[in-house]
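There are 2 protein chains.
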Amino acid sequence: MKNDLYFDIDIHKSLFRKILAERDSVGYYNLPSQKLNKLNKFVENFDKEYPDIKNIIVIGIGGSSLGTRAIYKFLVSSKELKRKMYFLESTDPSELQDLIKHIDIKNSHFLMVSKSGNTIETISIFKYIYSLLNQDSKYFSFITEKKSKLHKFAKSIGSKSMFIPKNVGGRFSVLSNIGLVPLALVGIDIKNILEGAKRMEVSFFNDGYIKNILLKKATHIANNYNTYNINTIFTYSESLKYFCEWYVQLWGESLGKKQNHSSLNVGLTPIGLIGPKDQHSFLQLIVEGIRNKSVTFIMVDDFKLKLDIPNISLKYLEELDIVNGVAFNTLINKQAKATLQSLKEIKIPLDVITLPHIDELHIGELIYYYELLTSSVGILLDVNTYNQPGVEDGKIILKGMLQN
Amino acid sequence: MKNDLYFDIDIHKSLFRKILAERDSVGYYNLPSQKLNKLNKFVENFDKEYPDIKNIIVIGIGGSSLGTRAIYKFLVSSKELKRKMYFLESTDPSELQDLIKHIDIKNSHFLMVSKSGNTIETISIFKYIYSLLNQDSKYFSFITEKKSKLHKFAKSIGSKSMFIPKNVGGRFSVLSNIGLVPLALVGIDIKNILEGAKRMEVSFFNDGYIKNILLKKATHIANNYNTYNINTIFTYSESLKYFCEWYVQLWGESLGKKQNHSSLNVGLTPIGLIGPKDQHSFLQLIVEGIRNKSVTFIMVDDFKLKLDIPNISLKYLEELDIVNGVAFNTLINKQAKATLQSLKEIKIPLDVITLPHIDELHIGELIYYYELLTSSVGILLDVNTYNQPGVEDGKIILKGMLQN
Numbered sequence: 061m062k063n064d065l066y067f068d069i070d071i072h073k074s075l076f077r078k079i080l081a082e083r084d085s086v087g088y089y090n091l092p093s094q095k096l097n098k099l100n101k102f103v104e105n106f107d108k109e110y111p112d113i114k115n116i117i118v119i120g121i122g123g124s125s126l127g128t129r130a131i132y133k134f135l136v137s138s139k140e141l142k143r144k145m146y147f148l149e150s151t152d153p154s155e156l157q158d159l160i161k162h163i164d165i166k167n168s169h170f171l172m173v174s175k176s177g178n179t180i181e182t183i184s185i186f187k188y189i190y191s192l193l194n195q196d197s198k199y200f201s202f203i204t205e206k207k208s209k210l211h212k213f214a215k216s217i218g219s220k221s222m223f224i225p226k227n228v229g230g231r232f233s234v235l236s237n238i239g240l241v242p243l244a245l246v247g248i249d250i251k252n253i254l255e256g257a258k259r260m261e262v263s264f265f266n267d268g269y270i271k272n273i274l275l276k277k278a279t280h281i282a283n284n285y286n287t288y289n290i291n292t293i294f295t296y297s298e299s300l301k302y303f304c305e306w307y308v309q310l311w312g313e314s315l316g317k318k319q320n321h322s323s324l325n326v327g328l329t330p331i332g333l334i335g336p337k338d339q340h341s342f343l344q345l346i347v348e349g350i351r352n353k354s355v356t357f358i359m360v361d362d363f364k365l366k367l368d369i370p371n372i373s374l375k376y377l378e379e380l381d382i383v384n385g386v387a388f389n390t391l392i393n394k395q396a397k398a399t400l401q402s403l404k405e406i407k408i409p410l411d412v413i414t415l416p417h418i419d420e421l422h423i424g425e426l427i428y429y430y431e432l433l434t435s436s437v438g439i440l441l442d443v444n445t446y447n448q449p450g451v452e453d454g455k456i457i458l459k460g461m462l463q464n
Numbered sequence: 061m062k063n064d065l066y067f068d069i070d071i072h073k074s075l076f077r078k079i080l081a082e083r084d085s086v087g088y089y090n091l092p093s094q095k096l097n098k099l100n101k102f103v104e105n106f107d108k109e110y111p112d113i114k115n116i117i118v119i120g121i122g123g124s125s126l127g128t129r130a131i132y133k134f135l136v137s138s139k140e141l142k143r144k145m146y147f148l149e150s151t152d153p154s155e156l157q158d159l160i161k162h163i164d165i166k167n168s169h170f171l172m173v174s175k176s177g178n179t180i181e182t183i184s185i186f187k188y189i190y191s192l193l194n195q196d197s198k199y200f201s202f203i204t205e206k207k208s209k210l211h212k213f214a215k216s217i218g219s220k221s222m223f224i225p226k227n228v229g230g231r232f233s234v235l236s237n238i239g240l241v242p243l244a245l246v247g248i249d250i251k252n253i254l255e256g257a258k259r260m261e262v263s264f265f266n267d268g269y270i271k272n273i274l275l276k277k278a279t280h281i282a283n284n285y286n287t288y289n290i291n292t293i294f295t296y297s298e299s300l301k302y303f304c305e306w307y308v309q310l311w312g313e314s315l316g317k318k319q320n321h322s323s324l325n326v327g328l329t330p331i332g333l334i335g336p337k338d339q340h341s342f343l344q345l346i347v348e349g350i351r352n353k354s355v356t357f358i359m360v361d362d363f364k365l366k367l368d369i370p371n372i373s374l375k376y377l378e379e380l381d382i383v384n385g386v387a388f389n390t391l392i393n394k395q396a397k398a399t400l401q402s403l404k405e406i407k408i409p410l411d412v413i414t415l416p417h418i419d420e421l422h423i424g425e426l427i428y429y430y431e432l433l434t435s436s437v438g439i440l441l442d443v444n445t446y447n448q449p450g451v452e453d454g455k456i457i458l459k460g461m462l463q464n
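Line order of the protein sequences matches chains A and B. Residue 61 is where the first sequence starts when you use our numbering, and the numbers rise one by one after that. Residue 61 is where the second sequence starts when you use our numbering, and the numbers rise one by one after that.
Take the hints with a grain of salt, since some may be wrong.
Same chains, same names: a pair is fine if it fits in one copy or spans any two.
No more than 20 angstroms apart at the CA atoms, straight line, and that leaves these computed lysine to aspartate or glutamate pairs for DMTMM-like [claimed, not checked]:
id: 1; residue 1: LYS144; residue 2: ASP158
id: 2; residue 1: LYS206; residue 2: GLU378
id: 3; residue 1: LYS209; residue 2: ASP381
id: 4; residue 1: LYS404; residue 2: ASP453
id: 5; residue 1: LYS404; residue 2: ASP381
id: 6; residue 1: LYS215; residue 2: GLU378
id: 7; residue 1: LYS98; residue 2: GLU378
id: 8; residue 1: LYS95; residue 2: ASP68
id: 9; residue 1: LYS206; residue 2: GLU379
id: 10; residue 1: LYS394; residue 2: GLU405
id: 11; residue 1: LYS301; residue 2: ASP419
Derived from the structure by calculation, the hints contain no laboratory data.
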């Protein structure tokens with residue numbers, strides 16, 4: 061991928077050193093180099109044991125599903141996959157009901173994904189599905205921490221578990237078993253995803269193309285966090301819709317914190333936009349609203365799929381013949397460039413990420429790039445990027461309500 | 061619907077008078093009382109002429125599709141409808157291709173929706189579909205302004221058009237033919253939608269329940285727009301997912317403006333969240349990030365659908381038996397209340413909207429309520445709520461690019 065910055069800034073001096081300092085203790089950094097032996101064996105056995113399973117259903121919420129879905133949805137339109145993937149994450153009864161109506165659960169295998177193992181939404185949904193399937197353990201596998209009670213439970217019913225390293229946080233876990241197991245089971249090439257992430261890792265840590273770009277961008281975002289408090293990504297591909305959701309969690313939950321050395325609330329607000337649709341929705345606010353937003357365009361250079369706008373002229377609408385014979389792929393990228401140009405003219409802080417193709421390699425790069433960027437900004441904002449103490453209070457209140 | 065505010069404030073004195081002053085010239089205010097004769101006839105003829113049509117496909121972008129989709133998606137899980145609805149709005153070739161693979165276009169009728177009639181995305185997609193169907197006009201109807209060139213074109217190929225009043229802006233148009241025609245064609249009770257909107261209109265303009273609440277809320281939002289510049293809605297029903305998207309356009313595009321009597325950029329940033337999922341994503345930022353966000357909870361009191369969490373105890377996970385026998389409906393609302401409580405404790409500006417049911421009446425109320433709220437805040441921010449000059453520049457640049 062390419063990343064063009066439309067601003068310049070001196071990189072924060074100690075930033076790279078501080079990233080190196082946390083590299084060993086924060087687990088996600090090293091996921092691109094993990095061994096896949098166990099995972100490959102799990103998938104191989106699965107294919108042998110369950111040749112008729114058509115659907116992989118992930119039961120998980122937040123970090124247990126957002127990254128997996130981002131990658132799956134990015135790739136699903138451009139590949140023939142061997143199985144379909146679905147997600148159960150909400151306690152909304154309609155959503156549960158809709159999925160069960162829509163698919164054959166007996167042709168499905170359910171992956172219970174919960175790092176801690178006691179996520180209330182996930183366990184509630186599990187109980188529902190488990191009882192629907194007469195508590196037959198063959199429909200279920202588990203992805204959790206080795207020491208969790210969920211793993212103990214899985215063992216007690218004779219189901220298999222795959223593990224997540226303790227030092228990999230939920231929202232940084234998509235390149236661990238949390239994402240890789242379901243993705244591999246539907247036939248996505250996870251080796252190439254890791255290869256892409258590895259490329260980004262090498263480029264960043266070994267003085268490659270991305271190092272200075274990423275450090276500059278992080279410095280620019282952190283230095284201006286009071287002025288440009290909202291960081292929008294404006295993607296020009298529907299395939300990146302769920303990447304936006306993953307980004308929102310990663311950015312919001314990692315950086316919205318009390319500072320380590322003060323009690324000051326800091327943080328940056330993430331917003332994901334999809335073009336050209338959101339040109340007809342959010343763009344006006346970027347252009348004429350309060351100037352508190354930076355914009356990162358994410359474009360796909362080559363969609364592979366070639367669809368041309370037919371060369372027909374509509375009576376009375378001849379002024380729109382300018383689109384005749386243009387490929388949709390070309391049109392959407394011209395729309396991105398026109399919007400970029402219009403924002404450049406009014407001096408919105410901008411950068412552009414270009415993915416050459418929709419494939420495993422480039423989503424691997426993009427994911428790891430955003431993880432590195434989040435870590436870098438977290439260091440500069442002086443927050444603990446990897447915890448989420450702010451959500452505990454609501455959980456305690458809920459438990460109290462349920463006990464009464 | 062009910063709306064509980066967790067703050068108090070003196071209503072801006074001239075606000076109600078100013079709303080009354082624009083009521084006659086701004087078309088959307090009076091949509092709840094429109095006559096449906098023409099529309100009913102259109103739908104009746106359609107059902108006779110096309111008894112076999114299974115899908116209604118809206119080709120439209122921004123205000124031409126967001127509201128329709130918001131209402132359709134709100135209702136679709138809770139009703140048996142006579143047809144399905146789909147949307148074509150992006151120039152992303154994959155999305156176009158996916159829909160065409162997925163449905164039988166010969167069993168479909170396409171509604172071309174464009175107020176101006178020369179929206180580049182909409183015309184491009186139309187050309188593609190039109191040519192796919194051998195330029196057979198029977199597959200198409202049009203919703204546009206009476207004076208648009210698109211209407212002239214429709215006439216020239218012998219297709220029917222339904223019209224939008226000139227003084228109803230795109231993002232305020234869902235209760236005009238733009239939303240009502242497609243909704244009626246799939247079997248949604250549009251009379252009840254308008255009845256709900258009418259109820260809200262009467263309650264607001266005739267000194268009913270909502271008047272002071274809405275005026276207080278608008279005043280609170282506008283007075284604090286510098287401090288609380290981000291207005292999140294936190295809906296606890298998946299059915300409101302696309303309502304959030306409609307809200308984002310309505311709020312962002314209406315209020316992000318240069319002030320009428322200065323050149324100051326003002327505006328408020330809308331964010332739509334869905335619980336409980338976004339408790340695992342965005343909530344941390346609300347709790348510990350910069351205190352620049354207000355939160356409106358939107359809950360559905362009774363989902364109708366009763367699904368209980370089974371009364372089974374999982375070995376080692378007995379601490380989660382607290383959910384046993386609880387209805388999912390109850391759980392999701394307790395989650396909303398627990399989150400609300402946790403935000404109350406840290407003094408985030410809050411209010412709660414409660415919809416008794418998922419039905420036409422209450423979505424009509426909610427839509428009209430948000431339109432009134434947007435108009436009210438627009439008056440207080442001293443902006444032109446109904447235009448969008450900021451997006452023109454990008455369109456001009458695009459046309460230039462396409463001409464070369």
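Checklist entry - For which of the previously enumerated hints does the structure constitute a violation, in increasing order of number? => result 5, 7, 8
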